[in-house]
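S.K.: What follows is each chain in one-letter form.
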Amino acid sequence: MKLSDIARMAFLNLWSRKRRTILNLAGIVTGCTMLMMTFAGTRGVADGIHAIIDQTEGVRRIGFYAGWEPDSEPPEEVLEVHGEMSEERRERIQQILRDQWLWEHGTYSELERDDYEAVADWDHVIEVIAGSSILCRYELSDGSTVVERLSEDAREGRCDTASLVDMATGERIVAGRRLAPDDHDGVLVSEIGAYFLGFQDDAELKNIVGKTLRVEFSTFSERVSILTRILNSDFELGNIFENTELLLALKQLMNSLDETDLSDEQKELIRNALTGDAIPQSDDEVTNKEEGDEQSDDLIKIKVLEFTVKGVVRSGGDDGLLSFLNQVMRDEGPELLLHPEIIASLRDEYPDEYGAISHASGLVDHVENLEAVESKLSEKGFESYSAGWIIDRVDRQIRNAKIAISLLALLILLITAISLTNTMIIAVMERTPEFGIMKALGARNGHLLTLMLCEGAITGVIGAMVSVAVSSGLANLIDGFVRSYVERRMGYPFDATIFHFSSTDILLVLGVAFLVCTLAGIIPAFRAARLDPVVAMQRK
Amino acid sequence: MIIAKNVTRTYTGGSESVVALNDLSIAIDAGERVALLGRSGSGKTTLLNLLAGLDRPTTGSLEVAGRSLEMLGGRQMADYRLESIGVVFQSFQLIPQRSALQNVALPLILAGVPHAKRLTMAEQALRRVGLGSRMKHQPFQLSGGEQQRVAIARAIVNEPPVILADEPTGNLDSTTSGEVMELLLEVVADNKATLVLVTHDRELANGFSTRIIELADGRLVCGDES
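Chains as they are written, first to last, in our numbering: chain A, 1 to 540; chain B, 1001 to 1226.
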């Protein structure tokens, strides 16, 4: 008997017992679909999360700063820990004492332009943006409410994560609308900003839209030279930016002092006059007059701009991963959101010498390269932070979930196989007379064995192929739902799919189904082969 | 053609054993039409099963169409059944899910005859038994007589030298029985095959056989001249 005839006979047998075949196929399709969806789903979810992460520019940013330089090591008496305790606990406490001492006795290094600009030339680094800690004070133009806040991570935040903000604000707008692409005069106010401006009731929130907001960009006085203060007092507010050339010329003069014939004493005097380090500031140079606010006592106005409030952005809230990443990357988030180009021009206009570049943010080409760039930053002596650890954690969770779900799917397939074995044994019992007839007519045991295995294998392969089609249909359906949901939630097009089918998965599922169903046919096949033809033919 | 020497077949069930055939010796020549006659339990079906290679004797030897059956392994026995024997059963033993044509083609499939050739051969066999118009019908769509004709077509399709018929008219009315028996004798004669007919009907045995071998309690009563 030829193998092709056995296969043909197996097909005929399956076809002639449609109901049982369909039941068997249903079991296999369920198992294989589970397996396929599991493989494709875990890969798709991982890819989808990575797609969200890749689309989220802020996640690819690494913040870095020059770091904290301890002046010296703490004296031994500082690290003395009294009491009876385990060595581990003693070491932990000593570590904290050491850190506290270093914090109190160290020097915070500011970032040099050359340092961060060099980073921009590294592999995988697309751009580097310097950040300044600028204070800002904002009020409604009618003077009704004045808010003094440190919000200029607002400035840094908007510059660094412009696309993130742009992307995230779609759904986070609670009143008004988001900024248009050319809306340079617009500003979005956070809920907390609106609250400080006096719009506390929900019903009032929309009333802030359309109001004009006056924003004073300021900085700490110790970061500002005497020259700036002179300029501030001599010129109209904001003129400093128009006189940058003058400032640079004076700086050049200061740098070339050593080449002059002036005495050292004279040189020192001029340096002090220009940098202001040794000269206390006068009261009228301080922007904020509130008592008891140590921080705002040292503020100096740098520039004033007016914006129209276009909308209110929700502060915080549970927005899932993206919100979490937003918060991680921008701490508490800015109170004011300006157009990225405004932020960029502010930074360009603001002289570094007076702006105190405290940190910088590097944009990496791909999330996978975050670790490499961070390592290099560490090697160069920078302190850095990024969302890399979150991505690692997400990846680990996805891997764990994949293993767990795969085991579950295999368990389902195993149950299917047992069920299939059971139904095939019943089928053999039902077909006992048929096998008896075949043996009486001259069928060898091997023929019946091969026939049964062939039926199992064909059922498995057909089941797996149907499951590929079913999985694909289900995937399209679920993808559609998920895409529209994500787009609604995030407010931007979401191209990723939840289920990624690979040819390897399809082949694997086909192989597993073939193997499982063939193995499921072994016991019934041996039963069929061992039948006594005379007894078998007599069985009803 | 068929030589049985001192064949005994004992069935053991628990502590009891039943001797179905007891030291039986017979010889049947090629082309003979022999009727195995006897009452129920006389051992005639047991003998037929032994000749068909569906069972093995407890002791003694059997030689059919030049093959010593006691020497054959399972695989060779299957080949023997396929090549040397055609069996017609009382209850037809057709596969219910298959058409008449597929049932008749089954021995040819087992013999590895190519698809086209076996279809032609099966069609010819069905035409030969007068079922040229019922080839696509399944057994349940055929009458008892027609089903037995299909069984006869299946038994002769690969032209075996020995045809064994076990009460072939047992499930048929008298008119149909006569038609079926005439057909059986016709095709056996055409194929120059040896026919062993098992029956308890003496009239039938007298009418359609050249020799009657009568059994009782597993022993030969009369009819063997060896």
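Simulated from the structure, these hints should not be mistaken for laboratory data. There's no promise every hint is true.
Unchecked claim - Covered stretches of chain B, as calculated for chain A (at least 3 residues, CB under 8 angstroms):
hint	stretch
1	1049-1055
2	1087-1094
3	1107-1115
4	1145-1154
Claimed, not checked - With a straight-line Cα cutoff of 30 angstroms, these simulated DSS-like cross-link-like pairs (lysine-lysine) come out:
hint	chain 1	residue 1	chain 2	residue 2
5	B	Lys1192	B	Lys1117
6	B	Lys1005	B	Lys1136
7	B	Lys1136	A	Lys2
8	B	Lys1136	B	Lys1117
9	A	Lys206	A	Lys267
10	B	Lys1192	A	Lys18
11	A	Lys303	A	Lys211
12	A	Lys18	A	Lys2
13	B	Lys1136	B	Lys1192
14	A	Lys2	B	Lys1117
15	A	Lys18	B	Lys1005
All of these numbers come straight from a predicted model, not from anything done at the bench. From the three backbone atoms N, C-alpha and C, an ideal C-beta is built for every residue, glycine too.
S.K.: What hint numbers does the structure not satisfy?
M.R.: 4, 6, 9, 10, 15
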